[in-house]
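Colleague: Chains A, B and C, in that order, are what the protein sequence lines are. Quick note on this note's numbering: the first sequence kicks off at 1 and runs consecutively. Quick note on this note's numbering: the second sequence kicks off at 1 and runs consecutively. Quick note on this note's numbering: the third sequence kicks off at 1 and runs consecutively.
Simulated from the structure, these hints should not be mistaken for lab results. Where hints are given, some of them may not hold.
Same chains, same label: a pair holds when it works inside one copy or across any pair of copies.
[Unchecked claim] Distance condition first, Cα-Cα at most 25 Å in a straight line; then the derived PhoX-like pairs of lysine-lysine:
no.	residue 1	residue 2
1	K274	K322
2	K322	K184
3	K184	K159
4	K274	K184
5	K159	K313
6	K180	K274
7	K159	K57
8	K57	K180
9	K180	K159
10	K313	K60
11	K180	K60
12	K60	K159
13	K321	K57
14	K274	K57
15	K321	K180
16	K57	K313
17	K180	K318
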Amino acid sequence: MTTSDNLSIAAGDLATMLGGDLVGPADTTLTGIQALDAAGPSDLSFVRSSAHANAAKASKAGAMLVARGIDLGDMPETAIIFVDNPDESLIGLLTTLRTQRFGEPETGIHPTAVIHESADLHETVTVGPNAVIESGVTIGEHTRIDAGAVISFGTTIGKRCRVGANTVIGGEGFGYISNKDTGKHTRLPHIGTVVVEDDVEIGASTGIDRAKFGVTRIGQGTKIDNLVQIGHNVNVGTNCIIVGLVGIGGSAVIEDSVVIGGQTGIADNITVGKGAQLAARGGILGNVPPGAIYVGSPAKERGQAFREFAALKRLADKSRKKS
Amino acid sequence: MTTSDNLSIAAGDLATMLGGDLVGPADTTLTGIQALDAAGPSDLSFVRSSAHANAAKASKAGAMLVARGIDLGDMPETAIIFVDNPDESLIGLLTTLRTQRFGEPETGIHPTAVIHESADLHETVTVGPNAVIESGVTIGEHTRIDAGAVISFGTTIGKRCRVGANTVIGGEGFGYISNKDTGKHTRLPHIGTVVVEDDVEIGASTGIDRAKFGVTRIGQGTKIDNLVQIGHNVNVGTNCIIVGLVGIGGSAVIEDSVVIGGQTGIADNITVGKGAQLAARGGILGNVPPGAIYVGSPAKERGQAFREFAALKRLADKSRKKS
Amino acid sequence: MTTSDNLSIAAGDLATMLGGDLVGPADTTLTGIQALDAAGPSDLSFVRSSAHANAAKASKAGAMLVARGIDLGDMPETAIIFVDNPDESLIGLLTTLRTQRFGEPETGIHPTAVIHESADLHETVTVGPNAVIESGVTIGEHTRIDAGAVISFGTTIGKRCRVGANTVIGGEGFGYISNKDTGKHTRLPHIGTVVVEDDVEIGASTGIDRAKFGVTRIGQGTKIDNLVQIGHNVNVGTNCIIVGLVGIGGSAVIEDSVVIGGQTGIADNITVGKGAQLAARGGILGNVPPGAIYVGSPAKERGQAFREFAALKRLADKSRKKS
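My request is simple: use the sequences and hints to build the entire structure.
Modeller: If you want it as structure tokens, here you go:
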């Protein structure tokens with residue numbers, strides 16, 4: 001049994017629903033949606049530019065949403081549905097199905113949400129039950145704050161953002177002065193804020209701390225999963241992907257388009273260069289160059305990490321034979 | 001000082017309280033409860049079948065709850081309390097002590113809980129303060145949802161379940177279409193749901209995401225600790241144990257009776273076979289066979305992992321002597 | 001671009017604001033606050049005892065708050081501001097700036113907080129919106145409970161503590177009796193409590209579980225970050241530092257002044273000795289001696305861990321050359 005999919009629609013019906021033009025079998029039943037290389041005969045995939053034509057030709061997808069004007073040649077067993085914009089069609093399809101199943105999502109400010117009188121929310125903002133918006137918060141149009149989320153004082157959130165349930169943005173940063181004589185730690189009041197730019201999406205139960213003085217920033221278009229911890233004064237660039245249970249230490253800089261695998265930890269004050277990819281469970285203790293792929297804990301460049309894994313395995317195998 | 005225990009009751013009083021028959025010293029004072037192999041002279045343990053008779057004979061427990069009909073022979077220093085069902089007696093004992101200390105647990109729907117009118121809750125369901133139950137949710141009899149938990153739309157929760165405070169079930173999954181040309185990530189609306197089967201228990205601040213299309217499933221009798229992240233379309237079998245801060249990637253399959261140690265991460269689409277045990281802090285990057293014990297990150301079969309740990313230590317020791 | 005700082009004040013104005021005596025340039029503009037060894041020409045630092053005089057002489061800080069009576073000799077380019085107590089002055093400064101920016105923090109019990117009638121809160125306690133305080137809870141003077149936090153029944157919290165938003169204290173511990181014959185796990189009702197001593201600070205979305213019978217204890221002055229999991233019957237000493245996403249297993253003992261780096265995991269029943277330091281992402285599987293520095297997973301004494309890292313690198317480099 002697979003629980004991955006219970007979408008079930010014929011390619012012909014899908015073409016009609018999307019206002020697309022079908023070439024190929026209308027009766028292929030589609031039960032899932034996958035990228036071209038992962039799709040099988042009952043999956044719908046999508047081709048948004050002619051750069052992906054070869055991948056489309058090699059794909060096993062049962063059907064494809066293809067941007068009009070792209071010529072894939074002869075693929076008689078594949079249901080090709082030509083549409084203006086495959087991404088928009090796909091998302092429109094899912095939104096329609098979602099509404100059919102669950103009704104229109106609720107919008108507006110739920111009566112149990114607690115909104116401070118000094119907060120400035122655009123009239124199109126949605127705030128779920130029992131969410132808390134503190135003083136001086138600003139939230140842009142079409143942003144959605146889910147149930148139980150807490151947006152602490154002074155935080156700015158842009159347009160079209162989503163903040164998942166029970167996430168806390170703007171909590172006090174973890175910064176103390178430690179007295180080595182007495183062993184006591186005294187909290188530095190954190191007087192900075194958090195800025196979440198447009199189109200950022202954040203999952204459930206994540207924490208983003210306020211800055212010591214300046215700003216903790218999440219750049220435009222970045223997507224953050226559940227249970228992620230982002231420390232004070234971290235500066236995350238645009239279009240990053242940050243997977244669940246990642247921890248980012250204070251004042252780290254994550255440049256644009258970085259991908260951070262689940263449970264990775266990034267030490268304080270580190271810079272991760274543009275477009276770098278950090279494999280899951282990495283331990284990032286030093287700067288990562290732009291575009292690099294880092295693996296392991298402590299993390300190193302992928303080739304080096306794999307050489308070390310292999311060398312250790314050979315060593316263990318050798319000693320096993322000896323004994 | 002130990003903070004483990006402040007239970008304090010004489011074996012004779014315990015036998016009376018439980019309606020059991022005492023053989024052996026009545027005046028042994030019991031301050032803790034432990035399994036047979038871990039118990040000491042001031043601990044209560046329990047023997048539920050004759051298969052454990054040898055372990056009972058070897059145990060240092062000061063007292064034992066023993067199922068009637070089991071013959072442990074002569075153990076003059078151990079207070080043996082014969083009862084019909086040791087597990088039930090033990091849990092009954094703790095429940096009684098709990099009520100003595102804290103009163104009866106509150107039941108029913110707290111007036112501050114937010115329950116959508118379309119949600120279907122059995123009349124025996126308990127919902128704590130400020131919990132949120134969204135549209136289309138179904139919850140079975142005797143299930144308890146603690147304070148601040150958020151059960152998102154369409155989720156189904158079975159009978160006798162517990163959902164800890166501030167846990168989020170049914171949050172949007174973390175699935176995006178990435179446009180390599182623009183670098184932008186576009187969210188795929190997740191139109192699936194979560195099904196939590198009977199007798200599942202979930203700790204505080206855990207997250208279980210809704211499926212893309214089908215179902216994210218937590219199988220009957222599975223127990224999940226605090227701060228665990230379970231991705232979209234994950235399929236967890238029955239009677240699994242999942243310890244705190246574990247992360248399970250999208251569409252992974254965890255078969256029945258798997259034990260997952262704390263902070264372990266499981267990659268997307270992996271299958272962990274029935275009865276496998278994953279040591280804490282494991283990094284599971286490939287399928288795990290049924291019954292296997294995996295250790296390390298990247299995780300491997302326990303013997304192999306230990307050989308590698310040992311080989312590395314020897315190598316480091318050797319280079320130390322040379323230098 | 002750095003987002004670390006947007007403090008901006010001239011040294012002379014700062015001296016006036018703090019009632020201090022300035023020696024040196026009054027026009028140095030200060031934009032940040034750093035420890036002596038990390039400070040640069042636009043940073044304020046602080047010297048609280050003459051033991052730090054040498055570090056002060058070597059520091060590049062543009063200005064220093066110095067306790068009256070400490071003689072740093074001639075430092076003509078540094079703005080020295082003599083005050084009675086540098087720590088208090090610094091915190092007073094930040095508190096003043098914070099109030100200027102965000103107004104006085106709100107105090108008292110928010111009307112949406114849910115406080116059980118049997119809870120005993122000192123009249124100076126602050127409880128944020130939608131926080132939940134259950135039966136039998138005691139909270140000492142000047143303690144602050146943030147929005148959405150849940151303090152479960154029987155928990156005791158001392159004076160001057162802070163509990164971050166959506167944190168859960170006193171949730172049911174993760175303890176089950178497993179029946180090997182049926183595979184079923186039966187929850188042991190946890191009848192203990194949590195004691196949080198004075199001056200403890202806890203971040204957002206952290207979980208501290210109630211004890212099985214006795215007490216889960218957090219010692220005086222300990223500071224805990226976001227998304228930390230502390231299991232049942234854990235005993236944390238005084239003045240510890242516990243960074244984000246750490247997990248501590250049941251009945252572990254963390255002695256005084258231990259520092260635990262982010263994402264570290266500590267197994268059940270382990271003792272970490274006084275003053276030990278555990279590097280981030282450590283896996284602590286055995287007892288750690290007092291004062292030790294442990295690194296890696298499985299963690300070992302720092303020198304040993306570094307020797308193993310180096311030996312593995314040499315081995316991989318050697319095999320690379322051969323091939």
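Colleague: Have a look at K159 and K313 and pick one of within, between, both or neither, based on CA distance no larger than 25 Å.
Modeller: Result: close neither inside a copy nor across copies, 50 Å intra and 47 Å inter.
Colleague: For the identical chains here, do K57 and K313 meet the 25 Å Cα criterion within one copy, between copies, both, or neither?
Modeller: Classified as neither; 39 Å inside a copy, 43 Å across copies.
Colleague: First find the shortest C-alpha distance between K274 and K322 inside one copy, then the shortest across copies, and answer within, between, both or neither for a cut-off of 25 Å.
Modeller: neither (47 Å within a copy, 34 Å between copies)
Colleague: For the identical chains here, do K184 and K159 meet the 25 Å Cα criterion within one copy, between copies, both, or neither?
Modeller: between (42 Å within a copy, 15 Å between copies)
Colleague: What label fits K274 with K57 when the C-alpha limit is 25 Å: within, between, both, or neither?
Modeller: For K274 and K57, neither the intra-copy (32 Å) nor the inter-copy (38 Å) Cα distance is at most 25 Å.
Colleague: Can you give me the call for K57 and K180, within, between, both or neither, at a CA distance of at most 25 Å?
Modeller: between (67 Å within a copy, 19 Å between copies)
Colleague: At most 25 Å between CA atoms: does that hold for K180 and K159 within a copy, between copies, both, or neither?
Modeller: between (46 Å within a copy, 23 Å between copies)
Colleague: Up to 25 Å between alpha-carbons, please classify K60 paired with K159: within, between, both or neither.
Modeller: neither (38 Å within a copy, 42 Å between copies)
Colleague: How would you classify K321 and K180 at a CA-CA limit of 25 Å: within, between, both, or neither?
Modeller: Neither: 52 Å inside a chain and 36 Å across chains, both beyond 25 Å.
Colleague: Please sort K159 with K57 into within, between, both or neither, judging by C-alpha distance up to 25 Å.
Modeller: Neither way: K159 and K57 sit 38 Å apart in one copy and 49 Å across, limit 25 Å.
Colleague: Under a CA distance limit of 25 Å, which applies to K313 and K60: within one copy, between copies, both, or neither?
Modeller: Neither way: K313 and K60 sit 36 Å apart in one copy and 42 Å across, limit 25 Å.
Colleague: Under a CA distance limit of 25 Å, which applies to K274 and K184: within one copy, between copies, both, or neither?
Modeller: Classified as between: cross-chain Cα gap 14 Å, same-chain 39 Å, threshold 25 Å.
In this structure, the hints that do not hold are numbers 1, 2, 5, 7, 10, 12, 13, 14, 15, 16, 17, in rising order.
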